[in-house]
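> Could you use the hints to bring the two separately framed chains together as a complex?
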Amino acid sequence: MPCPELTFTGLNRFWAVREQYDTLAFRRHCRRIADGVAGAVAAHLERGDEVVLVGVDGSPSMGIRVTSSDPARGGRPQWPDEATDLAPGRGILIEELLEALEARGAPAPRATGVTYVLPEHDPETERAAFAAFLEAH
Amino acid sequence: MDVDERGFRVALVADEFVNPPPGGLDVLAVLAREDWGAIQLPPGWYPDDVAGPLLDQVAEHFEEFVRHDYDVVLVGDRAGLAQALGALGVALPVAIAPVTEDELRAFLATNATVRSSRPV
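Chains as they are written, first to last, in this note's numbering: chain A, 1 to 137; chain B, 1001 to 1120.
Next up, chain B with everything else stripped away, as it sits in the complex (with noise of 0.2 Å):
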């Protein structure tokens, strides 16, 4: 039987912690270990009129994804993102803005319900 090896855990990343600073928390390091997909949302200086289209985007995929029964969380925040997701009827995931890999690790343990691998 094949197998869809697809994760099924995605997680809506803010700019900030997918740049971080120097001696930062690599979190897509973190989630690629952890075996969560990746979104970046928009760095927060984009110009309203920039950033919203790239919303738009974002909450189209996440609704895709939610109504697929994927995991889906946020990591750090993202203004104007609750209202993009809102207009398409879904609420913002669980979140966090994780200071230590490890926190960030229990969190993703936590909100990782299903299997990572479906036969097709």
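Extracted from the complex, chain A is given alone in its bound form (with noise of 0.2 Å):
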């Protein structure tokens, strides 16, 4: 899928969390990516091809389980080093993709995220968790 962020903010963007880029702007950014994939999503199923959605756990874009949000930040990017703003949530594309797949009358694929983020990433433990999830049925 395209990233938003890159699209947005460009590739020298600063971290951001989930409050930070929930703009109208930016939703409308994620609309367009958005509809775009879903269309994409569409023609695969009507030719009978299984979908899943792979996002990217921890991001404020991107996340499926886990997000980034912090109500507080904001102003000159400096930060603890032991600050987490990790939270349980959808990123902001994702829930923009949901409903465009929705307003389509397409279901909701399956959906898991990577986790190369999180900090108890572990390489292998994806793999097979990954390899499992494509399995499943």
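Calculated directly from the structure, the hints in this document are not laboratory data. Accuracy of the hints is not assured; some may be wrong.
Quick partial rundown of chain B residues pointing at chain A, CB under 8 Å, derived from the structure [unchecked claim]:
1. 1003
2. 1005
3. 1053
4. 1054
5. 1057
6. 1061
7. 1064
8. 1068
9. 1107
A partial selection of chain A residues facing chain B, derived with a Cβ cut-off under 8 Å [to be verified]:
10. 33
11. 35
12. 36
13. 43
Virtual Cβ for every residue (Gly too), placed ideally from N, Cα, C.
The following block contains the structure:
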């Protein structure tokens, strides 16, 4: 899927949390991307393909189970190393994508998120979990 | 000093090279070994009204990569890509339709001009 943050704030963006991205303009940007992705999902469903959704857990835009949240985050971009902004929830693009699919009458696909952003990330565990996710029907 | 771990090398890859036929060249595996990222182009069977918005997104990513001096190449081709890039004032990158892994690896090496990590 396209990265909404890359095309909205660029390659040299600061890290940011959901609350900083959750503006009308960013929602509009995500909705444009989501409509395009939803069109592709619908095309695959129409020909009988199985579609799953793979996001990036911990991302303010792409999180499936874990997003990034801190209502107080703002101003000069300095924060303690121990600060955590991980929180249960979906990212903004994922929310817009699920709404775009619903608007097309397409079922919400099974979804999971890759975990490399999360502190407990373990590549072997993730690989096994992802394989199990793909195998499950 | 912290190091920016991004690779700064991105290949736009036609769908037939992402999903090759049995025995076909595994382009993604070669790209991974050579430390290149990949953006999959819409499959050729997508209708224009489905492929168009996706190509627009590819073009917007591409333009940002080019502005930041990433190495960007094209593996295969996709109808409509040149027009989507042209609408943003950027030209198609150097391209290859590889038959062998060695051919692709040599092409990538020739077009890898930036360091794979940068201090930040």
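> Determine for every hint whether it applies to the structure shown.
Going through the hints against the structure:
1. 1003: violated, 15 Å
2. 1005: Because about 11 Å separates residue 1005 of chain B from the closest Cβ in chain A, which is outside the 8 Å limit, the hint is violated.
3. 1053: Result: holds, 3 Å to nearest chain A Cβ.
4. 1054: Hint holds; residue 1054 of chain B Cβ to chain A Cβ min 5 Å, cut 8 Å.
5. 1057: Holds - the Cβ of residue 1057 of chain B comes within 8 Å of chain A, reaching about 4 Å at its closest.
6. 1061: With a closest approach of 6 Å, the residue 1061 of chain B hint holds.
7. 1064: holds, 6 Å
8. 1068: Hint on residue 1068 of chain B: holds, closest Cβ of chain A at ~5 Å, below 8 Å.
9. 1107: violated, 24 Å
10. 33: Holds, about 6 Å.
11. 35: holds, 7 Å
12. 36: Holds - the Cβ of residue 36 of chain A comes within 8 Å of chain B, reaching about 3 Å at its closest.
13. 43: holds, 5 Å
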